[in-house]
Amino acid sequence: MSTDESQNLVTLSIDGREIKAKGGELLIEAAEKSGVFIPRFCYHNRLPQVGVCRMCLVEVKGPRGFSLQPSCYLPVSEGMEVITQSEKVKKAQDGVLEFLLINHPLDCPTCDKGGECPLQDQTLTYGPGESRFAEEKRHWEKPIAISELVFLDRERCIQCDRCTRFADVVAGDALIEFIGRGDHTEVNVFPDRPFSSYFSGNTVQICPVGALTAAPYRFKARPWDLSQVESSCMACSMGCRIMVQSSQNGLTRYLGLDSDSVNHGWLCDKGRFGFEAINSADRVTSPMIRKGDSFVETSWASALSLIGSKIVDAKASGDPSRIGIMLGSRLTNEDIYAWVKLAKGVIGTDSVDSQLGDGLRGEVIAALPRATVNEAVSAKAVLAFTGDIKEEIPVLFLRLREAIRNGRTKLVTVGTRSSSLDKLSEVSARVTPDQARLLAMEVTKDSSKFPEISAVLSKQGVGADGEGLVVLLGRENLAWDQSIVEAFALELSRSLPKAKFLITLRGSNFSGAVDLGGVPRLLPGRSSLETATPVLRQKWANLPAQGGRGAKEMFNAALRGELDLLFLVGSDPRQDYLDSELANSALDNVGFVVSVDTYLSRSSSSADLVLPAAAFAEKAGTTTNLEGRVFTVNQKVTSPGLCRPDWTIASEIALELEEDLGFGSAEDILDEIAEVSPLHWGLSWHRLTKSAALDGVVVPITATALSIRPRAMLDQISTPGIASVWNQGLPSSKTSYFDDGTIEEPGSASQPPAQASVASVEPIWPVAPVQPLGTMRLGYSRKLYGQGEHLMNSPHLSKLIVEAKCRISSKTAKELGAEMGDSLRVADKAGGESLFELEIDDSVGDGIVELIRGSFSNPGFSPVRSDEAVNYVKVERA
Amino acid sequence: MSTKIVTARVDIPNSHTLSVYLEQGGYQSLRKALLEMTPEAVQEEVTVSGMLGRGGAGFETGRKWSMLKQDLVRYLVVNGDESEPSTFKDHLLVENDPHQLVEGTLITAYAIGASRAFIYLRGEFALGLERVQSAINEAYAYGAIGRNIFGSGFSVDVVLQPGAGAYICGEETALIESLEGKRGFPRIKPPYFPAVIGLYGAPTIVNNVETMSNVPWIVKNGGRAFAAMGKGRSTGTRLFALSGDVMRPGNYELEMTSKTFRELIYDPDFGGGLKEGRSVKAVIPGGVSAPWIGPDNLDLPLGQDEVAQAGSMLGSGSIIVLDDHSCAVRAAWRITKFFNRESCGQCTPCREGSGWIEKIMHRIELGSGTESDLDLVLDACDNIAPGLTWPPQQTTICVLGPSIPSSVVSAIKMFRDEFMVHIKEEGCPFVH
Amino acid sequence: MSFFNPENLEKAQILVGLYPDKRSALIPLCHLAQSQHGHLSNEAMVEIAELVGVQPAEVYGTASFYDMLHTEEVGKYLVGVCTNVACLLSGGQELLEHASDVLGIPPGATTEDGKFTLEEVECVAHCDKAPCAQVNYRYFGPLTNGDFDQLVDDLKSDRLSDSVPPHGVLSRVFRDAPPMVPLEIIHQERRVMDEAKKARLAAQNPDAGGKQ
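Protein chains in written order, with this note's numbering: chain A, 107 to 984; chain B, -15 to 416; chain C, 40 to 251.
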């Protein structure tokens, strides 16, 4: 504890025992940390308190003696005297519970919450033995669907305001509200407007009764049949901490855990309910080899041996770069390391990429000074030049929204498209590539160039060197080539050397891929081919002599007939590569395509050999989130059929080449990573599984990373029966809340890694083409629910996949002579076309048409061309 | 005849119009305040007057103003959400002397330096809304509201806000929520004392219509003249709204403490007594939140402290008389039903307790109660207001919760035998 | 298509402009919508939500808290009979039962011809006229059963249409005032006032001067 904190301590007495607490801290929390649990329903440490359930009343001494006060609303103060155990308190608790139960249906035997219900549990502990209520109970129609995902049983509701508060205050989606008054108050939606929040599942988790239930979990299991393991969500790059629960080897539910540095307990619905895809009956469960137009099952042995011979054949040409590997976002750090080692250490090809035209160059990411999420949300100002994070990294959006709402930071957005960030921004500047360049060079130097932005930055005290500024950097508009974003970032970092960058790419482990060499020209620890450490050279015998190809170059090589063998490891370029025209024709032209996949995706369906991979929750390992935080992911269920973890597949392929990658478990791999990568020095499985580090450790491990704060308190109501609760503040004999709160320093072998510098990477501004006559600028972005395999295989989430519409402003619509609902024909540069329904939206800039990536599947239509710096399309009424 | 302050003009034809108000010397106090007095001098007069708030809580008005946090932005809100059952004084004032209210509001806005003044009027007062809006419109045209009032350099706007039917919005923090366009959920005090964190989070003074209506008189005649009326803390006059089993129900403005309950009920100029041959069974003073008093207390003077000492409160100044032909059980049940219908639903004890107690009381009144129901209902009351003391212990956010038991506990305490008759005879013995 | 007609849309804009935070106009706008349409329709709530910058659910949640805002259709005449204590003592409960018989509907219901909705209401602050009833918030009392029958008869034949407008029309007087004084100007004025006051207080009490 720092001196600042200790100076702010007050002493109070609870039940006659003196405790110390932070001045101003709420009594209910201070008591809990000291081992005194005060029962509650409405109080949640991540929501503003409302003090309505009255369950947390305790006696507090005031000028007129002791009186009952809500401990969730009372800040502790010096000398405060509190009684939590008196007859008076007990009668109040008993009374509140009796009141709550008089209209509660007591249908526990058929309620999903039964067995983990705070109302049930607290009634047993603090409540009346039996009810004295002999009247008719209040009735409501039994569960009503308030969205595709959430059911509401109003009879069970105890009006604690948790769901409604969450929806309004945290998510900013006030789509559920209290309706009516008094004892006829119900929670409900506006007629015909479902609770279509991306965050709706959180309301189910924080509901203290069985009023809100999630469609994917309803009647699937009983709490006492569930077993669970802590893990990190890999639906996007945020890495939210979760509890993975299963029953009878089937995943049943994910619960959000409260990581103070990451997700504050919240999850997005895509992450929360994505487990359904893993249970899908359409999983690939056996190696399959192409025979004509179809696949036939084969054995692992013959599949591996075939691969071995294909590698040998390809290498025989003398050019190992005729072998390429594309890594997908499913992979753990250990998977990535194993495949990269196979490629760069055994086969000798550097043609490894983990981005499909929708990311940023690894060297650029590696060169930019990295900000953590906590640094971003407490920066003096945040400059966003990023894709819509509400659509791509939803929980980061919540963190940012909360920080802005509470005045901790201010946001400036720069870009071309309308976005959810606009509403949070002080300034939303629409820019052209030229303006972006000017902005990067001049923003703090010449305030006349971007007066509104400069005004915000200077008002917030951002230094002329960028001190206090965090840049959220991602692909704001997928119709702009990544080189523009890279040049912008490098230029900005040169003019503002103290500014830090949080890379807001969506792919779950893009950061681990960059850190572990899953991109061309980089090796584990972000070192270049030239700067490989001796220990790495020793372990990786066959390092490529020169840099290999990225995804785009691999495709172009394929078109030239120079790609003999391509591994798609959890990667689906036919669906995901931005220039689908290029991806499709290139893949048709690769000598032999091996797809390691969990489902038959578009790409694996047309592969030559498909290998079944273990999915999330079927393997252990680690993942790295967007800020460089490494966490554990854990196995909860066993894979179906013959699926194997991706890293084992790499190991076995190596064995076919008579090479031993040298590891037999994910733990072994992590140890090797820590040995060869300066960035990961000090990391070990043992360290990451200490309770203080369960929320992950930012690499490189520094002194600050070592003084890890205790894990956040868990709201016990929303994390029922979770073991960590016992470590994190439940009444117990534990003497200190801070137990196990540190991890020891890395060994003396530790040394800071050499940070690549922006000076070593030149910003190269591409030449933007002149806008062809008769075209419109294209705004191209993603929605949370797109057409990926994972969503398509989730029965409930698949219902939420967005319809393909195109959006233009009313002014632009007028010029086209088009109206809301009209059908528009959009044509790409090569003349490929697709029809879209028009939505008029004045948040879209004039002269721009906005399309959603993945919302259409016309193979001939590819609005983004990989050889264009800026893409234009033709739009006309159909 | 004692001095009338707030009802001095109510019987004059067209008393609600600007012309009549001006004929009667209207807006002279506002001129005096704005042109001759400093804000603190106006506040000092109100402090000297000792005027207690006329809404129900009876807090000293001058002291309330002095507690206003001196932020740059601060607001004045006038509480005209008169909804306490059997209280019907404010509607008289808003309908028949709206300019007096507007003038008092403007003077107060000046005294406290309000950025804007809002008059929140009960939505059901259709006529009152028309009268006050007309008065505001006339006052704007007359130059009494708006920019640079009477050339004083003081500007303020006054906005009339209609309620929409919710008793709880008479509670000042619920009223503020309602004025912010939300459900009328009372806020927790602390920290949400309006004088510190009120409307839009800014310091706010909330004063009752009758309180505001007294201000022009106080400015004109001085706080001392006001304080000279009444006794002790009960200064000035008060509007008593008398109803129930009396011959002449109505509003009577009386110098405080100058009359007793008995005089108000029986004086031919006031209540005019009861029906032939009947006697007072109980009196509910101060609104239905107050404990009842019995015939033995009829000689209490109508003063704040006097009624408080008898274990009840003067509250909103309403007085309901029950005679010996009226059923105490039925009256107590109906009051519980009122609280149940009007509970905002935030706090568990009030939301759930009010409904439960209402159901039991109704059962008893209809004849299907048992003796143990009496203990049950008292214990349920105790779980809302522990100890069943007066003033009550509060376990809910606002005082609606602890108001629920008042009538039930009073009725059971005073008329237990009557409850037993309902139970034993399986029905109400009174003729309705 | 706008819910509010042009005249009311203009009024709506004025209402929204009266407050430092436009959400404060929510309830006045609900009354305005009812005056146009007799009740608060979903379309009206959606438009009010847009006008004050909240979600329709928030308008619905707020409106449903208040007895006077009806999200379901009600009759042209909303008849409320008070049964609270003062009226109860004077026969309010019996008057309600009579009203129910005469109109042929239980409290809470609307007659088939859409003319009347009957409600049991809480105290309407006319206890000196107990038992009393309100029709579209215009008050009648004390009422005998015969008086009530006469009232219904008058309403049926529209003899009271001058004094009792159709349900939803609350105040027939709309704000007629110059534009609001901008708050920046008010705040400038107050700053000067507050400083002058501070100076006066300091002059009166030199010891405390400057200490605040």
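Just so you know, these hints were derived from the structure itself, not from any lab.
Here the structure is a predicted model, which means the values were calculated and not measured.
Quick reminder that beta carbons are idealized off the backbone N, C-alpha and C, glycines included.
Any given hint could be a false lead.
In silico DSSO-like links for lysine-lysine, alpha-carbon gap of 30 Å or less [stated by the list, open to error]:
1) Lys248(A) <-> Lys194(A)
2) Lys606(A) <-> Lys645(A)
3) Lys237(C) <-> Lys16(B)
4) Lys53(B) <-> Lys236(C)
5) Lys343(B) <-> Lys529(A)
6) Lys197(A) <-> Lys343(B)
7) Lys645(A) <-> Lys604(A)
8) Lys243(A) <-> Lys397(B)
9) Lys236(C) <-> Lys917(A)
10) Lys128(A) <-> Lys53(B)
11) Lys53(B) <-> Lys167(A)
12) Lys529(A) <-> Lys551(A)
13) Lys529(A) <-> Lys889(A)
14) Lys166(B) <-> Lys237(C)
15) Lys397(A) <-> Lys326(A)
16) Lys243(A) <-> Lys194(A)
17) Lys529(A) <-> Lys486(A)
18) Lys61(C) <-> Lys166(B)
19) Lys53(B) <-> Lys154(C)
20) Lys529(A) <-> Lys421(A)
21) Lys197(A) <-> Lys16(B)
22) Lys53(B) <-> Lys16(B)
23) Lys236(C) <-> Lys154(C)
According to the in silico footprint, chain B covers these stretches of chain A (three or more CB under 8 Å from chain B) [said to hold, decoys possible]:
24) 172 to 184
25) 200 to 206
26) 286 to 296
Hint numbers not upheld by this structure, sorted from lowest to highest: Hints 1, 2, 5, 7, 9, 14, 15, 19, 20, 21, 23 are the ones this structure does not satisfy, whereas the remaining hints hold.
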